[in-house]
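There are 2 protein chains.
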Amino acid sequence: MTVADTLTKKTALVILSGGQDSTTCLYWAKSRFQKVLALSFAYGQRHIIELESAKQICHKANIKHEIVDLGAVFQHVSSLTNTNLEIPLANAEHAETLPSTFVPGRNILFLSLAASRAYVLNCDSIIIGVSQEDYAGYPDCREDFIDSMEKSITRGLDRPIKIEAPLLHLTKKDTVELAVQMPGCLEALALSTTCYNGSLPPCQNCNACELRARGFRQAAVDDPLIARTAMLTEVVHARD
Amino acid sequence: MTVADTLTKKTALVILSGGQDSTTCLYWAKSRFQKVLALSFAYGQRHIIELESAKQICHKANIKHEIVDLGAVFQHVSSLTNTNLEIPLANAEHAETLPSTFVPGRNILFLSLAASRAYVLNCDSIIIGVSQEDYAGYPDCREDFIDSMEKSITRGLDRPIKIEAPLLHLTKKDTVELAVQMPGCLEALALSTTCYNGSLPPCQNCNACELRARGFRQAAVDDPLIARTAMLTEVVHARD
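Each protein sequence line maps, in turn, to chains A and B.
Each residue of the first sequence is one higher than the one before, counting from 106 in my numbering.
Each residue of the second sequence is one higher than the one before, counting from 106 in my numbering.
The following block holds chain A by itself, in its conformation from the complex (with noise of 0.2 angstroms):
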């Protein structure tokens, strides 16, 4: 084993959506690897502004950042992807049914093209920032599809690339607690997104702000998004 053999065995790849969840992967891979860059994926989301959130955090931790267009790839197979679909309200679903944001394959698809370039890049573990807590049932968050996944790359390329998912068993509270440990995190997640609509300021009425409130609410910790976008608020009120 060569040198550059020795240091490229400590870089990882994290899969940086903008949202809350992560923006604190990636602080967390910055305190633990030597070397990490970021994917970020267009899918034609409509809150596509994360990519805009993602390309500013990684622009603050010094990140290098690559966004790969998977053009229409998920056009109308969910809510998430398309606009003539309702974002359900917060509460408003039944645990028992996947959730209209349910994008069949997402994660699938994530990692199987962070693998491509996890093989490409040298990068020993992929990033991922699932939390089977928190995500109202999508199987493409669970343990064992992670787990499952790790091995099919591995087998698939032929080579040892792990997938590290430290959010797994975490609730939004934890991870808001683990995002105040870890310096730069707070300020970066000021500047993420995590409204499935888009919005700026938050709407405040979709499961994915409801789950993003309670976490800084139930951490008693305060959402430095919140202030930031309060702040934008203002400047427009004072310009009206």
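Hints are supplied without guarantee of correctness; some may be wrong.
With a cut-off of at most 25 angstroms between alpha-carbon atoms, the simulated BS3-like pairs for lysine-lysine come out as follows [unchecked claim]:
#1 Lys256/B - Lys256/A
#2 Lys256/B - Lys267/A
#3 Lys140/B - Lys267/B
#4 Lys135/B - Lys278/B
#5 Lys169/B - Lys115/B
#6 Lys278/A - Lys135/A
#7 Lys165/B - Lys115/B
#8 Lys256/A - Lys267/B
#9 Lys140/B - Lys165/B
Hints were generated in silico from the structure; no laboratory data involved.
Got chain A; can you put chain B on it based on the hints?
Using the frame of chain A, we list chain B on its own:
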């Protein structure tokens, strides 16, 4: 279970490159499933001519066909997608190393995307034309990868979707013999593209051309593609 459910139980989604193996799989599926759909990918392959083959084959077979454009996802990672790299000649490579034509993660990605489409289109099976006999050690053509990927997809979508690889244990000779048994298949193979260089007539120098030629030779069957393109060449010469 409704009548509609019973009918949709027999729908296959064939991953169709437009090559010999996936064309044979298309006819294999036609002979076994009530409904067959086909999915192709544009991923910057230099043999992009194969997508024209896929279209013509589906038209001939009366199969609904979708092409998903993956843009520049695989750019620069393989001699198949980067025109600055040379396609190796047949037998020029050592079996111990992966050939430069290996596109890392290609079948992981194709199966992931097919899974998402299969979910939306209510297909029970994805058909893929991989063969572990013939593919120069590509790890994503092996049975243990296919088995693992089937588990990952079923877990990630929370719905059982089978991955069927009818050519997995067949040699190219076996595949030709299978094609001969299925009405219309040989005529469709006349429209298929195999050459890694995307040449018409085929270059006959790359690994893919060599494998195809050997299979037809061993099965003692004339390759209808050669007959068709020889005719094309004659026409071109006649015009000179």
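Each hint, compared with the structure:
no., hint, in the structure
1, Lys256/B - Lys256/A, "10 angstroms, holds"
2, Lys256/B - Lys267/A, "18 angstroms, holds"
3, Lys140/B - Lys267/B, "15 angstroms, holds"
4, Lys135/B - Lys278/B, "21 angstroms, holds"
5, Lys169/B - Lys115/B, "15 angstroms, holds"
6, Lys278/A - Lys135/A, "21 angstroms, holds"
7, Lys165/B - Lys115/B, "22 angstroms, holds"
8, Lys256/A - Lys267/B, "18 angstroms, holds"
9, Lys140/B - Lys165/B, "16 angstroms, holds"
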